[in-house]
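Q: So the chains spell out like this:
2 protein chains.
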Amino acid sequence: MRWVRYAADGKETYGILEGQDIVEVEGDPFAGYGKTATRRKLDGVKLLVPVWPRTFYAAGLNYADHVIAAASKRGEVPKLPEAADIGYRANNALIAQGEPIVIPKDATERVQYEGEIAVVIGKHAKNLTEANALACVLGYTIGNDVSERTWQGGDRTLWRAKNSDTFKPMGPWIETDLDLDKAMTIVRVNGQEKIRFATNSMIFGIAHFLARMSRYVTLHPGDVVWMGTEGVTENIKHGDVCEIEITGIGVLRNPVVRERQ
Amino acid sequence: MRWVRYAADGKETYGILEGQDIVEVEGDPFAGYGKTATRRKLDGVKLLVPVWPRTFYAAGLNYADHVIAAASKRGEVPKLPEAADIGYRANNALIAQGEPIVIPKDATERVQYEGEIAVVIGKHAKNLTEANALACVLGYTIGNDVSERTWQGGDRTLWRAKNSDTFKPMGPWIETDLDLDKAMTIVRVNGQEKIRFATNSMIFGIAHFLARMSRYVTLHPGDVVWMGTEGVTENIKHGDVCEIEITGIGVLRNPVVRERQ
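Chains A and B supply the protein sequences, listed in that same order.
For the first sequence, my numbering puts the final residue at 262, and the numbers step up evenly by one.
For the second sequence, my numbering puts the final residue at 262, and the numbers step up evenly by one.
Heads up, a few of these hints could be off.
Copies of the same chain look alike in the list, so a pair counts if it fits in one copy or across any two.
Claimed, not checked - Result set (DSSO-like, lysine-lysine): computed pairs, CA atoms no more than 27 Å apart in a straight line: (1) Lys47 x Lys127; (2) Lys36 x Lys80; (3) Lys106 x Lys127; (4) Lys124 x Lys106; (5) Lys127 x Lys12; (6) Lys124 x Lys12; (7) Lys238 x Lys127; (8) Lys195 x Lys80; (9) Lys238 x Lys12; (10) Lys36 x Lys47.
If you're looking for bench data, these hints aren't it; they were derived computationally from the structure.
Turn these sequences into a full structure, and let the hints guide you.
A: What follows is the structure, given as structure tokens:
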């Protein structure tokens, strides 16, 4: 099942995507819902960020080649993370399908995409085991963890490097039925494929992260956990269109513009 | 004016505190409100976290003696922050006035308080100047940035060190009329004063932080910004009661318990 969140007729609503049609619901996928008689065309609505998380988690370094490539660029010996220590991103930066990634006017040219799977929590959960962890998951969506590498290297925190307004595209919808082991993540810029990797080839898997996190933190319905990206990333610039596809979910597509001087 | 958020008669509501009485409102201090005819006694309601932030910001290192003391404990040369780089805390960890700080069963004894002023944003804001920054502030409340120092030193991120469930007491209410330059922050454990410092003696002041942040991020109504703590902090343990007072706001009081084995 695919959950879409959208604006139409002046209100923001959840619906269930069936082909190119949306079945509008009352309520939401977290607290409960009922189908209504309203049907809409997907291309007739404005898609919204599929959920505003209560807490926005991000794994950061969680694919081996990405860690090795980043260390190599800095001339350092790569150090793989030794434990599933979760990090955070910020809600101000979230944008939806089709909305522009705006590069701040004083950013360097080193603004880069990171294609990631995003786990959407559906139920309150504490003290999960790896065996039962995925039962709290509602579904999966796609994130683009846009990063300004100069700020990432120089600032004391990741605030503007990772969380400048518009730096966190998420969508286009939540897919509840995904075969993680078959999913491939593909990044394209202006239609040209930049990287393709097995989505589930993580250093620490989703169940491991959720089990470890929930030893200390309660997961809440609507929380999201971005799982990190793989490989070498490249710069994106004004005029580009960046697409993150995860097979079985869909394509998150955002144009790139640079803030005017 | 003091804004309280509380539970009574099975619902969660905002009200205005007048002495020991609450004037209940419809709406909230961010989107707008109207006073109702309902009056309640402060000691007859359950106080709630005064606002659930959309983004929960925290300055981290922002008072000189605290930075120097922490470096000294690690045997390092203190390095004061060179720029107002904001960090984050997580909503899962928020608790209200009177609720227990629960130390995870595998935490060390090095769990410590940090008394902080918390800025509550009232209006959307972008590209503020230091001169106009405080105009977006609704008011101020109090935070206790509880920290497990062993995890803080060893984990790759601050997730469980700073954001284990219950590690972020915030309250008791939002004070809209505060003379920042007169405010004193006082920490007491079991009634014994541990530290007292001028709340506004920050390395980077509130207006400077908000101006710099808002160059890159839009501040939203209900966002909170915790401004850091001063001095040496000490351990708290099962059975303690930790109080953070900021003169002109009030007292945030929470008991401490250790999770059962």
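Q: Please name the hints from earlier in the document that this structure breaks, with their numbers sorted from lowest to highest.
A: 2, 9
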